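Dock chains C and Y against the given chain V, drawing on the hints supplied.
Residue numbers (the UniProt record's numbering), protein chains in the order written: chain V, 1 to 191; chain C, 1 to 244; chain Y, 1 to 290.
If you're looking for bench data, these hints aren't it; they were derived computationally from the structure. Small disclaimer: the values here were computed from a predicted structure and weren't measured. One or more of the hints may lead you astray.
[As the list claims (entries may be wrong)] Result set (DSSO-like, lysine-lysine): computed pairs, CA atoms no more than 30 Å apart in a straight line:
1. V:K62 x V:K118
2. V:K62 x C:K200
3. V:K31 x C:K233
4. Y:K79 x Y:K247
5. C:K234 x V:K62
6. C:K239 x V:K62
7. Y:K79 x Y:K266
8. V:K31 x C:K218
9. C:K218 x V:K62
For reference, the chains in residue letters:
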Amino acid sequence: MSANEYRTPGEVLGWASEYVAGPGTYVWHEKVYASVVGLLRLTPAATDVEDQRPTIEVTREKERGAVPEPGTVVTAKITKLFPRQAAASIVCVGPRAVRDKFTGIIRQQDVRATEIDKVDMHTSFRPGDIVRAEVISLGDSRAYYLSTAKNELGVVSATSDAGAAMVPVSWQEMQCPITGQREPRKVAKVI
Amino acid sequence: MDFISPEGLRLDGRRPFELRQLHAEIGVLDNADGSATFEMGNTKVIAVVYGPREVQNRSQQQLDHALVRCEYSMATFSTGDRRRRGKGDRRGTELSLVIRQTMEAAILTNLLPRSQIDIFVQVLQADGGTRACCINAAALALADAGIPMRDLVASCSAGYLNSTPLLDLNYLEDSGGGPDLTVALFSKLDKVTLLQMDAKVPLDVFEKVMNLASEGAKAVTQFLREILMENTKKLAFAKEPLKV
Amino acid sequence: MVVGLGLSSAEKSYIAGGIAVDLRGDGRGRHHFRDFSIDTSIIPQANGSARLRLGGTDVIASVKAELCAPPPGRPHHGKLEINVECSPTAAPEFEGRGGEELSMDLSRALQRSFLGGASGAGAAIDLASLVVLEGKLCWMLYFDGLVLSSDGNLLDALSIAMKAALSNCGLPKVEITSGTNPEDDADFELNEEEFTPVDTSRFPVIVTLTKVGKHYIVDATAEEESQMTAAVSVAVNKKGSICGLTKRGGTGLDPSVLLDMISVAKRVSQTLITSIDAEISAAESRHDDQ
Numbered sequence: 001m002s003a004n005e006y007r008t009p010g011e012v013l014g015w016a017s018e019y020v021a022g023p024g025t026y027v028w029h030e031k032v033y034a035s036v037v038g039l040l041r042l043t044p045a046a047t048d049v050e051d052q053r054p055t056i057e058v059t060r061e062k063e064r065g066a067v068p069e070p071g072t073v074v075t076a077k078i079t080k081l082f083p084r085q086a087a088a089s090i091v092c093v094g095p096r097a098v099r100d101k102f103t104g105i106i107r108q109q110d111v112r113a114t115e116i117d118k119v120d121m122h123t124s125f126r127p128g129d130i131v132r133a134e135v136i137s138l139g140d141s142r143a144y145y146l147s148t149a150k151n152e153l154g155v156v157s158a159t160s161d162a163g164a165a166m167v168p169v170s171w172q173e174m175q176c177p178i179t180g181q182r183e184p185r186k187v188a189k190v191i
Numbered sequence: 001m002d003f004i005s006p007e008g009l010r011l012d013g014r015r016p017f018e019l020r021q022l023h024a025e026i027g028v029l030d031n032a033d034g035s036a037t038f039e040m041g042n043t044k045v046i047a048v049v050y051g052p053r054e055v056q057n058r059s060q061q062q063l064d065h066a067l068v069r070c071e072y073s074m075a076t077f078s079t080g081d082r083r084r085r086g087k088g089d090r091r092g093t094e095l096s097l098v099i100r101q102t103m104e105a106a107i108l109t110n111l112l113p114r115s116q117i118d119i120f121v122q123v124l125q126a127d128g129g130t131r132a133c134c135i136n137a138a139a140l141a142l143a144d145a146g147i148p149m150r151d152l153v154a155s156c157s158a159g160y161l162n163s164t165p166l167l168d169l170n171y172l173e174d175s176g177g178g179p180d181l182t183v184a185l186f187s188k189l190d191k192v193t194l195l196q197m198d199a200k201v202p203l204d205v206f207e208k209v210m211n212l213a214s215e216g217a218k219a220v221t222q223f224l225r226e227i228l229m230e231n232t233k234k235l236a237f238a239k240e241p242l243k244v
Numbered sequence: 001m002v003v004g005l006g007l008s009s010a011e012k013s014y015i016a017g018g019i020a021v022d023l024r025g026d027g028r029g030r031h032h033f034r035d036f037s038i039d040t041s042i043i044p045q046a047n048g049s050a051r052l053r054l055g056g057t058d059v060i061a062s063v064k065a066e067l068c069a070p071p072p073g074r075p076h077h078g079k080l081e082i083n084v085e086c087s088p089t090a091a092p093e094f095e096g097r098g099g100e101e102l103s104m105d106l107s108r109a110l111q112r113s114f115l116g117g118a119s120g121a122g123a124a125i126d127l128a129s130l131v132v133l134e135g136k137l138c139w140m141l142y143f144d145g146l147v148l149s150s151d152g153n154l155l156d157a158l159s160i161a162m163k164a165a166l167s168n169c170g171l172p173k174v175e176i177t178s179g180t181n182p183e184d185d186a187d188f189e190l191n192e193e194e195f196t197p198v199d200t201s202r203f204p205v206i207v208t209l210t211k212v213g214k215h216y217i218v219d220a221t222a223e224e225e226s227q228m229t230a231a232v233s234v235a236v237n238k239k240g241s242i243c244g245l246t247k248r249g250g251t252g253l254d255p256s257v258l259l260d261m262i263s264v265a266k267r268v269s270q271t272l273i274t275s276i277d278a279e280i281s282a283a284e285s286r287h288d289d290q
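Pulled out of the complex, with its shape left as it was, chain V reads as follows (with noise of 0.2 Å):
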């Protein structure tokens, strides 16, 4: 059986003690089948990890819309403010936009590393900013866990009390162009 052959679902790839399954494909009565309509590859595996098995994937040719995973930096939009958190809408994954909506969740604890107790929503960030945030978890059933704890995550873009475009001063502070004003917010150190 060679790679760069196209697999349709249900065929099967190999021995389950062989291959290790990758994306696209299932293992069942140790055997590995295709679970969706693409090309077979195999990636051997790397040199230090214990488990030497290669992996056989099956990937597709159409790209699917993007969906959080943990661990995915994700920019989001704050939509409503809570005491003790944030709630976001998933914009994009990465680079890629969404094709549906998410919900995404900013607790108190998770807005930066340092003081977390002390964090008070309101100079963190306002409602209508735009934010690049980490997945922690998938959360509970309403919404995923984000997380603004590092000094590249945080409000990126932000429009003032005057409607403008604010410009960062500092990792705490954003300053408005036109009335020289400066608002709290938990600004991304974007280089």
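Just chains C and Y now, with coordinates in the frame of chain V:
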């Protein structure tokens, strides 16, 4: 009425073990995640898949597997006499349920927890074997949407008239009064996932009709795989031109 | 998809700005129709059928003819009925009864333009041509539209598809076997071999003008429609007469603007009707070759 002529030909000129002409197209609607049309003779069905997406009705959300929903609709012009069907009619509800259960058995729902997969099947023309056609179209649409499945489901119908088992009945043969059996199979795993029949038949007749329908379903699977391979190759060539 | 996430303010200003300088998102001018393709005879069981693809909008129209008694008080007229359904394949929101409101809206708009007045005058087809035996037997034409996929401008697409389906329609010849006396019921036989086509020269085409900002555009996509303030749909026939008018949207329109929109619709419809006729004959010859 004679459904089989003395030469052994049926009303539309086929032999008893012959399938109608199959025709399928994948990716017909851009808005949906997956779509396909499937034709068995004059029966034309379009199936569309939206998903996986977030569950719309929170109370129905399943924590460990995906929710599969299906709706079957017939166009007013699909049958010989124009009939305005309400959305809640019993045949439509039953078929929605049957298609949903069949596809749910095929989808690896545990890989997509807390999500929802919507399958919409629209019959454009009905000429017998609608159930089978819908299942085939739904299987192609799910594959187009990239939803992981155990195996491709293929379906076919068969009947028994003038003491002969007949494969893939059309509307006239279906209304002929004999049994109408529909079977859906996982071909590679060789398992039956749907079996429905109406009318009374002796057991040996049942066995013959069932075997015939299974052979038909296997032939349909072959066709489904060919169509999927062809479609994937077309997409691959569109992405990267051939390196000569 | 627009409906899922909505548009960002940048996208909204892009659409409005483009329309203001006569250069829309896909390169069209304000008064340009998208390219469309027509396939006829796709539903062999119907008397006439057509499928229209206008950008991302995909609709099927079918005409079924049945014999029945003429309408009361008008023994020399036939009957028309128009009905539209939105399939859940177009959007998941149309499942169950979700698409009912839009379907009724489209059906009523089409009925207003095609059915004519209570006396039968001004209908899209000369109703007198549908009579078989005056006072006893006439043709009832059922127009059914099915929306498979929507990318804006459903009303125009449905009207074009119905016109194409009607051109494709052939009415079987009816032979009266008895009952020509006024008191008797008529007996008839249908000759399924000979077909008479229906005259479509009076059949209008609907052109919808969508107002976005200060300008109006023809054939809006779904994105552009989401930004509309008002829309006027005008049904115009080949001669240039207006057969029906529908205004949607909350914003009030100045009467002069309204008259201007109607004249634009008339102008666009003439070129549109010519291209529709060309597409239909191309589709019919493709079908004959098969």
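Hint check:
| no. | hint | in the structure |
| --- | --- | --- |
| 1 | V:K62 x V:K118 | violated (47 Å) |
| 2 | V:K62 x C:K200 | violated (47 Å) |
| 3 | V:K31 x C:K233 | holds (26 Å) |
| 4 | Y:K79 x Y:K247 | holds (26 Å) |
| 5 | C:K234 x V:K62 | holds (11 Å) |
| 6 | C:K239 x V:K62 | holds (10 Å) |
| 7 | Y:K79 x Y:K266 | holds (28 Å) |
| 8 | V:K31 x C:K218 | holds (22 Å) |
| 9 | C:K218 x V:K62 | holds (27 Å) |
In this structure, the earlier hints numbered 1, 2 are contradicted, and the remaining ones agree with it.
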